Amino acid sequence: MNRLLSVRGLKVGFGRGNAAKTVVHGVDFDLEPGETLAIVGESGSGKSVTALSINRLIDDGGGRILGGRMEFTTARGEVIDLACATDRRMETIRGSEIGMIFQEPMTSLNPVIPIGRQIEEAFRLQRGLGRAAARLETLNALERVRIPDAERRLGYYPHQLSGGMLQRVMIAMALAANPRLLIADEPTTALDVSVQAQIMALLAELRRETGTGMIFITHDMGLVAGIADRVLVMIAGRVVEQGRLDDIFDRPRHPYTQHLLQAVPHFSHGRKVRRHMSPAGREMARPALKVEGLTVRFPATAGLLRRPVGAIHAVEGIGFDVMPGETLAVVGESGSGKSTTARALLGLVKPSSGTFSVMSAEGLARRKPMQMVFQNPYASLNPRLDVEGLLAEPVLAGGVRPDASTRQRMVALLERVGLPADSLRRFPHEFSGGQRQRLCIARALMVDPSVLVLDEAVSALDVSVQARVLDLLIDLQNELKLAYLFVSHDMAVVERIAHRIAVLYAGRIVEIGRADAVLSNPRHDYTRRLIAAVPTTERRRDVFRLETAAVPSLLRPRGYEPPEAVWQVCGEDHQVLVERAAAAKEIR
Amino acid sequence: MKPGMTRRLLACAAVVAGLVGASVAPAAAATLKMAWAQDATGLDPHKQTAFSSIRLLELVYEPLVRLNGDLKVVPALATEWTFAPDAKTLTFKLDPKAKFHNGQPVTSADVKASFTRILDQATGAAARANYASIASIDTPDDRTVVFNLSQPDVPLLTAMGSVNAAIVPASEIAAGKIGTAAIGSGPFKLESWEPNSREVLKANSEWAGGKVGVDGIDIKVLPDENAILAALRAKQVDFALLNDPLVATLVPRVAGLTLNRKPVLSYHVLQLNPSRKPMTELAVRQAISCAIDRKDILDTALLGEGEITGPLTMPQYRSDPNTLFCYSRDLAKARKLMADAGYADGFSATVIAATGEPPTAAAEAQVIQSQLKDIGIKLDIKLMELNVYVDTWLKGDFDMAVALNGGRADPYSMYNRYWTKAGNLQKVANYIDDTLDDLMQKGRVETDPAKRKEIFAAFDRHLAEVSPWIWLYTGYAYTAQQQNVQGFVPTPDGSLFGLAKVTLK
Amino acid sequence: MTYLLRRLITFPLVMLGVSVLVFVAIRLVPGDSITAMLGTEAGLLTPEQKQALAAYFGLDHSWPVQYGRWLLGVLSADLGLSVTYGKPVLDVILERFPLTLQLACLSMLIAIGIGLPLGVFAATRKERGSDLAVRIFAMIGQSTPSFVIGLMIIYVLSAGFGVLPAMGQFIPFSEDPLGNLGQLILPSLTLGLSFTASVTRISRSAMLDVLSDDYVRTARSKGATRRRVIWRHALPNALIPVVTLSGVEFGYLLGGAVLVEQIFALPGLGRMVLDAILQRDYALVQGSVLFVALNFMIVNLLVDLAYVMLDPRIRLGGRS
Amino acid sequence: MNRFLTRLLDHSSGRIGGVIVLAYILIALAAQAGLTPYDPLQQFRIERLQGPSLAHWMGTDMFGRDVLSRLMIGIGQSFLVAFSSVGIAALAGTLLGLTAAWFGHLWDGLVMRLMDVLLAFPAILLALLFIAVVGPGTFTSILAIAFVYTPIFTRVVRGPALSLKARDFVDAARTFGSSTSYILSRHLMLNLVAPLTVQVTLALAWSLLTESGLSFLGLGTQPPASSLGLMLSDSVNLMEMAPWLLVFPGLAIMIGILGFNLLGDALRDILDPRSRRALA
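Chains as they are written, first to last, in the working numbering: chain L, 731 to 1318; chain G, 1366 to 1870; chain B, 70 to 389; chain D, -6 to 273.
Watch out, some of these pointers could steer you wrong.
Restricting the straight-line Cα-Cα distance to at most 20 Å, the calculated cross-link-like pairs of lysine to any residue (SDA-like) are [said to hold, decoys possible]:
1) G:Lys1738 with D:Pro217
2) G:Lys1792 with B:Lys119
3) G:Lys1760 with B:Asp101
4) B:Lys156 with G:Val1565
5) G:Lys1660 with G:Thr1688
Which chain B residues face chain G? A few, computed with CB under 7 Å, are given here [as the list claims (entries may be wrong)]:
6) Pro99
7) Leu107
8) Glu110
9) Glu117
10) Tyr154
11) Ile223
12) Ser227
13) Gln238
14) Gln331
15) Ile332
16) Pro336
17) Asp344
In case anyone wonders, no lab produced these hints; they're calculated from the structure. Note that the structure is a prediction, hence the values are computed from the model and not measured. Virtual Cβ for every residue (Gly too), placed ideally from N, Cα, C.
Please construct the entire structure, taking both the sequences and the accompanying hints into account.
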């Protein structure tokens, strides 16, 4: 028997006695050496619990294996049933035979121990190396995961490194003892898309080099397409379908798999964009939101006396307009200034310069014509207020006492966003994530705005929920002629909802234009890189290129004024920023 | 608990006990280890009036004369003295052997300098009031001092027996070092003083009063009297001063400990403020006097540790309490008196008391409160921190006050401050009575002891009857000692001077 | 580092506040140095005498003048003269301080030495019998007034065994180490009991929090044993709240464990301040409160320093 | 609310703590209503210092007063001091901490430095000085304890308030243009209730201890009224003669504090989102 892992009838539960709850109901699968199995599912599907059961870390989290077998073949050829191995036995298997990387690299490394020592520990524990030898191995490992300047970084603490770097550290640590099995639990979910691409590339490369078997847990079919040999789909603790990658992708049998592959947004290079407004129509209409030269700078200080040393140019001279009924998507990675832009428009941060104006459909600026929906529906609803209190707030803030008509409007809106009408007395924690985001949308619509700023409004939601909320947003837009400013990092989602796209990089718009044009024919270097990094279901077993371009620092010396932006028009409603070096060349 | 566990615990306990026990190091055999709860507040014998200070200073400084256990005037620095028949000159002969701790002999110049210092207003000596009648001082020779008085002042001699009239070296006065270095002529030299912690006294081998029984005294300040008792039990101290009768009465129960109790001059009293309504009414004050059951208060608050007394507490002048007005409780009379005064329904008043001074003050106030309730007087108790109390008391800003007032060997010195028209504390007593003033003045001039006794007996009776204050009882001065301590003689003024003659077995 | 320096800048400001507060407060208390010395005999003073004594105690000027003079003195490290001790205030304080410092250190040693392992132990056995036992101990320790414990200890030792720690005077460790420990071990235990209980509770809950953190799981996934994870990975993180608590408590202890010093008759700083208040030794009260406040702030600074040592996020600032 | 109660009752230490605190409150109320075996002030002086008996379950004190009756009244008194002082401190601390966190800048600096001054003062000295200035008594000890706790509450509130201030729902409220007072009261305060409740129960335990300490120094409740601390301090010198005078109030204090501590722990478990996550 040379199978790496064979799981049969795995049942896992939490709690004891009356509170006992089974969350994984009999999972079966096999894994050959060097093979990659992707476990796909949404939150609550039991995919992470299954993964944690394999190396029995589930015991520490209060869970228990209730039944089933997990036969694992060690490097020496022994076969052990992991389901009933002792804790002591497991300690020799963890790390040396089974390595694991987690979703949140930021919190998964010990904040008070230098990363070098954390990796060293893995070598010392599993390979019994001495301090010097472990250090040498650590250096090698860091180089293997392409961490530049590894020697110096050994003494760094986790908080001094970026998320991408930390995930590399995690990988180095997990692979320290050349385990036969690597479990990767959503390893890229918390990362930017280009960083995700790099990590995926790294994983693919290492797998090739070492022949490690891998269990890759994710919710993203795009990533699965890139890396998996076999796919297993889970819902609510049960396996609904499993098979070879191509079989699953080309001939999904279970409706849920079909839904995942079709209904869920997948990036398709601008082929699925919404119908655009005609350029003529755009010129006729008056923009609902017009932004000119918006600049946000945060003073940077240093030293004892908080001497100003310059400013963080978070947003630099941004201008665009959004028509009624149109969606402008602002895309970029973390640090690009896209959220700051949204917050500046809503008055949450004070712009240093620039103007913006908001018009309602009737051409009158109303009291609060612009509303915002935040990324995290868990954090943006006060947990101590009931729905009625939550919905009443924008009305109250407008100086109106809620009355019977307000209540009617609440009920109507709740119904419109697809929430039960009896929700008024309930509290946020009684709703699911998608429902909460619907609640946030209803709240924003309470005062009849003309512009809705959606800051990563669907990013925190499960993929299938994302699709439904996007549909709702599109319906509402068509119905109410709302203008959307849709801030997002997720190209697949943007493709679904945007009419136009503005790409933000280091605080500036580098490319703006019609969605199909930008997505299918990106002109700016950054836009190209960004789009290349987006995983799609179309590119199977695609190897991402490994590259390490860092985002430039936004800190500028005092009195620095950026040069005037030079735009190059490259098609109907599509223009791109000419980079300074290039611009200088052109002028010459 | 498992047996092994028990053994381990015991072992731990033994280690702790060993550590603790080790700390009880045997001190030099002839040094008396002593403890008290309150320490002296300063070293200037002329300025310090608190008991806690005087008890220390009496061991270091000497006045011209001293009071013995029966409050008789006996020699100290002076070997003899004479009062002129008109009581206007007082002459002392000094002991030729007397020497200060610095080796200098005690001369009449030192006496004159000391009294000049006391009488100098700039010194700020509160005791000056007792010596105010001194008009001039003559020093015919080194051994003779003559005090010329502005008016007859018989009580002056007794007043000279206070350490507040201690003789200090003229040279030290000139150097301005009184109060910083303690150079006296007494049985002990103050070797070191850490206020509120400890003091070390060494026997003065050249003391004119004879040989000191111990090599020295090591005094610790143990602020909690329970701790003093514990220290006695653990034999950490040989001799201790106790204040609280609740603690003192436990001493005899401990094997090997002896409790000395001596009735003292200071008296527990319920001071009424006769300037405040309705205490302005004689009948009301008398009613209060009749409603108070002194025995009951004594038994409850002091566990019976004391003697019921009238205003005069010194043995020579004390009268039988039963002869005084209403000294046995008479509620019917009290109610009638209240009704006569128009207060049949009683009234409300506030009584002040100091926290912890005396320790029984709060308990006394509570019993009084309960007793006066019987005639319809509703008392509110207001406990105050000592200094706040003193401040309030001096301003006479109270309806009633529970107090422990100091006594003196001579009735005139004890009461002239309150009950003469020119008394310094007239505003505390708030009561002017011609008869009392008259009797006081007579007592001051009279030199014949028998006649003085008669005068003050009348004073005693009258004061109890007009009841500006309700005198209750005197307590005891307590000292506790181990068996090895011998020869301590307590005095009614609570003095520890007897320690000079104590020996250790 | 700049953070610590910035903290240092606020020092004088806080000290100034403390000095004004203590100066005014002690003078608002009725009764002054004169009545404190003389008691009711103060009523016998003539006006001239009163004035002379006021001058002697330095009370013959208006408050602002008194304060100004005192502050000028303080700036040149002269805290004034204590009228009861007849010595410079600083000398008096420095005489009393070693005992209090040692008492506080011993109590802290006991608290951390017992409380921390106990708390960690309980956390690793959450919801089991031993956890419950530890929690009950901690609860009772926190629920018993220290003076009750102190009195009991004294009573049991003296009445039951006829022994007692040396009272009344401080035996410096340098002179008699055994005697010193014998004298201070029980007061420290008394003082340290509730402190121990708090440390136990805090370290237990901090440990529980940390044990549910992601990096603990990571360490386990590397194959580290539970013990190793607890002591090497979790403890350094769990120490942060323990350090906070210890700092605050230690600061309070330095301010003087008045009750314990009173009961065990130890001449420490706490009792000295209490006596100074009762005796209206203004200069001493002012000086010692200022001193205690300074100590408190230094301890706080040390706690911050400890944070910096424990937590590289504070030490090194953001991402480099 | 009901859910909250059920969870509290499901929590073992919450159940015990709740029962203790509730029992104490009932005892205090009963005593206030006169349901004591004897008048707590009545001095049966012939029955002084008698040990526990059928007539006097907890014996009598040096005045012959019934200890049980005084204990019942004393619990009320101690609770009055504890609840009022903590109430005042929580109110003042919340107000200061909330505004300091919200307005920041100069006001924050001013408030926090002032709190530093108070914190730098040794707590017992602060109380001592305060009481010495105003004069001892129930009301004064309430204010004194409140005075000592205010800076602690200020800090306890300011920290979470700062992090709440950065929460999305506060940002959301600002985008609606909600008034400062609305945001402070509905968004910040409502969410501070949980940490405050925990702190309050723990502070209650502390203030019971402090009250007894102050009474021990003669600075707390004034006789003939009774409080647990006063009963304890009054009986210290009678410890050997009448140990029951020390034992019963001592136990009453211990159990009371235990009750608050247990309740506080339970509330922390229930209200703290961190531990809730652990439970889920």
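Against the structure, the hints:
| no. | hint | in the structure |
| --- | --- | --- |
| 1 | G:Lys1738 with D:Pro217 | 13 Å, holds |
| 2 | G:Lys1792 with B:Lys119 | 17 Å, holds |
| 3 | G:Lys1760 with B:Asp101 | 14 Å, holds |
| 4 | B:Lys156 with G:Val1565 | 18 Å, holds |
| 5 | G:Lys1660 with G:Thr1688 | 15 Å, holds |
| 6 | Pro99 | 4 Å, holds |
| 7 | Leu107 | 5 Å, holds |
| 8 | Glu110 | 4 Å, holds |
| 9 | Glu117 | 4 Å, holds |
| 10 | Tyr154 | 5 Å, holds |
| 11 | Ile223 | 5 Å, holds |
| 12 | Ser227 | 4 Å, holds |
| 13 | Gln238 | 5 Å, holds |
| 14 | Gln331 | 5 Å, holds |
| 15 | Ile332 | 6 Å, holds |
| 16 | Pro336 | 4 Å, holds |
| 17 | Asp344 | 5 Å, holds |
Checked against the numbered hints given earlier, this structure breaks none of them.
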